[in-house]
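Chains as they are written, first to last, in this note's numbering: chain A, 1 to 306; chain B, 307 to 514.
If you are wondering where the hints come from, they were derived from the structure by calculation, not from laboratory data. Check each hint, because a few of them may be wrong.
[Stated by the list, open to error] Example chain B residues on the side facing chain A (calculated, C-beta under 8 Å, incomplete):
1) Ala326
2) Tyr333
3) Val337
4) Arg339
5) Thr388
6) Lys399
7) Ala400
[Said to hold, decoys possible] Which chain B residues face chain A? A few, computed with CB under 7 Å, are given here:
8) Lys342
9) Arg402
10) Leu497
Note that beta-carbon positions come from the ideal geometry of N, C-alpha and C, so glycine has one too.
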Amino acid sequence: MTCTDVRKLLPDRALGDLDAEPAAEVAAHLKECDACRAEDGGFGRTLGLLRAAPAVVPSTERRSAAVAAMARAHADQSELLLARRPRRSWAPWATAAAFLLAVVGALTVRGTSSTAFTVAHVTGRAELRDLETGRWRPVTSGTAISVGDRLVTQRDCKVRLVAGAVELLMDQDSSLEIPVAHRVALDRGRILAVAPESGAETLEITDMGNNIVRVRGRAELSLRDVRSHVGGSMQKKGAPSVLPDPKVEVRRSLVVRVQTGEAALGGARKQVLYALAGEEGKFQFEGKPETAPLQEPGFGTWIEDP
Amino acid sequence: MAGDEDKPMNLEDDLLRKCARGDSAAYRELVERLEKPLVNFILRFVGERHVAEDLFQETFVRVVKTLGSFRPEASLSTWIFTIARNLSLDWLKAKRRHREMALDAVTSEEKGRVIYFKDVMRSSSASPDDRAESTEDERRVTAALARLSPIKREALVLRIYAGLQYSEIARIQGAPVGTVKFRIHEAVRDLTKLMGVEDDRNSTALGG
Chain A
1 MTCTDVRKLL PDRALGDLDA EPAAEVAAHL KECDACRAED GGFGRTLGLL RAAPAVVPST
61 ERRSAAVAAM ARAHADQSEL LLARRPRRSW APWATAAAFL LAVVGALTVR GTSSTAFTVA
121 HVTGRAELRD LETGRWRPVT SGTAISVGDR LVTQRDCKVR LVAGAVELLM DQDSSLEIPV
181 AHRVALDRGR ILAVAPESGA ETLEITDMGN NIVRVRGRAE LSLRDVRSHV GGSMQKKGAP
241 SVLPDPKVEV RRSLVVRVQT GEAALGGARK QVLYALAGEE GKFQFEGKPE TAPLQEPGFG
301 TWIEDP
Chain B
307 MAGDEDKPMN LEDDLLRKCA RGDSAAYREL VERLEKPLVN FILRFVGERH VAEDLFQETF
367 VRVVKTLGSF RPEASLSTWI FTIARNLSLD WLKAKRRHRE MALDAVTSEE KGRVIYFKDV
427 MRSSSASPDD RAESTEDERR VTAALARLSP IKREALVLRI YAGLQYSEIA RIQGAPVGTV
487 KFRIHEAVRD LTKLMGVEDD RNSTALGG
């Protein structure tokens with residue numbers, strides 16, 4: 001190895017990135033060459049100083065402030081659905097109520113258990129994972145579903161849940177969790193949501209992509225794969241300007257079909273759109289909501305009273 | 307940090323799912339999992355402790371706001387470091403625009419002349435409190451890092467203080483792995499020169 005070859009490798013050596021074989025060759029050269037050894041020593045001292053700088057850790061207050069700020073950001077996004085609601089005269093009251101609900105929800109510590117739904121009827125086998133014990137148990141009529149619980153329906157099973165004037169029918173092979181009262185996080189499958197078209201009681205359904213749907217009326221919600229064509233950007237400077245082929249990306253997100261009333265769709269980037277009766281709404285890949293007339297005639301053919 | 311990628315994906319999925327639902331315990335877990343490499347990366351990148359902590363907090367707020375745009379093909383930590391990096395770059399740009407970055411002024415005015423370390427330190431933007439808390443060696447490192455180009459500094463700091471792999475840094479910087487390696491090598495060379503100047507002056511002063 002010449003001095004030029006060795007000097008190219010010295011930063012790698014200082015960073016500890018050299019493989020065994022070149023490392024041995026460099027070490028052999030350094031024994032013989034004062035100039036390269038001096039340069040190697042300089043790099044070593046530099047890395048030593050960098051690594052010796054003491055690591056900092058955020059203060060407890062800062063960590064708590066970060067967590068609180070995250071909860072506020074989440075609550076702000078939830079509030080947005082009603083805050084931008086233009087059509088109802090009682091909107092300011094609803095906004096205030098929703099904000100309160102969102103803040104309370106955001107501050108809810110897991111482990112505080114309160115009944116969010118009661119099982120009105122069940123056909124087949126459904127199981128509930130209890131937040132407190134972490135154990136699964138079968139669901140029967142009258143079972144109380146608490147905040148934090150997870151409910152899963154098996155094949156050929158449907159479950160009807162009620163909470164005041166709000167009703168929720170779970171289809172077979174579905175899974176959901178109750179993060180806060182009047183909110184359902186759908187992980188798998190399909191549900192029918194029923195909430196009064198006016199008044200304070202609503203039902204919110206979220207997916208993993210931070211999309212949220214608030215139902216006033218009767219709507220069917222399911223998780224479906226949404227396909228998007230994603231274009232690339234220009235590659236290297238100086239290289240021929242060829243655009244990479246667009247990729248098809250698939251993401252599972254909420255699709256809502258509204259029978260009566262309306263559903264507000266809140267996207268991951270704060271866009272809000274309303275799907276009215278006879279329309280269906282979904283979220284594009286980047287979280288932007290869109291609505292269209294119902295594609296398939298016949299609403300909720302899977303729904304039979306259990 | 308690099309270790310984050312070693313965790314099973316389903317744990318990461320579960321954590322993300324809980325975060326998407328506004329679960330405060332999940333927020334805390336996410337913060338605790340990444341806080342050390344993240345705040346050290348930001349600190350060494352922007353050079354100011356109080357700014358680093360502000361940007362650290364803002365990073366996690368952005369995480370909540372943009373959770374829907376997370377693509378599973380990137381690791382969670384790479385995505386969060388990218389957010390932190392973009393916030394840090396925005397802050398550095400804003401600072402430069404407002405001509406508050408004394409080090410930049412020194413660099414442009416003194417171009418072509420030897421910059422002595424004590425001069426750099428005098429013009430360092432660290433607050434008096436920050437300076438009082440740090441050791442001499444740490445101040446040397448902070449001042450020398452501040453004089454690297456942002457792109458080299460970012461690559462080096464992601465490697466040394468966040469412990470990221472070259473491939474992760476490449477994804478964050480949107481550059482090929484070879485380019486990232488080159489930037490880090492150059493950063494090491496530049497830093498050695500920058501810190502070597504002071505070593506020479508010290509030894510001269512002591513000797514004379």
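Now the hints, each set against the structure:
no.: 1; hint: Ala326; in the structure: holds, 5 Å
no.: 2; hint: Tyr333; in the structure: holds, 4 Å
no.: 3; hint: Val337; in the structure: holds, 5 Å
no.: 4; hint: Arg339; in the structure: violated, 12 Å
no.: 5; hint: Thr388; in the structure: violated, 15 Å
no.: 6; hint: Lys399; in the structure: violated, 21 Å
no.: 7; hint: Ala400; in the structure: violated, 20 Å
no.: 8; hint: Lys342; in the structure: holds, 6 Å
no.: 9; hint: Arg402; in the structure: violated, 23 Å
no.: 10; hint: Leu497; in the structure: holds, 5 Å
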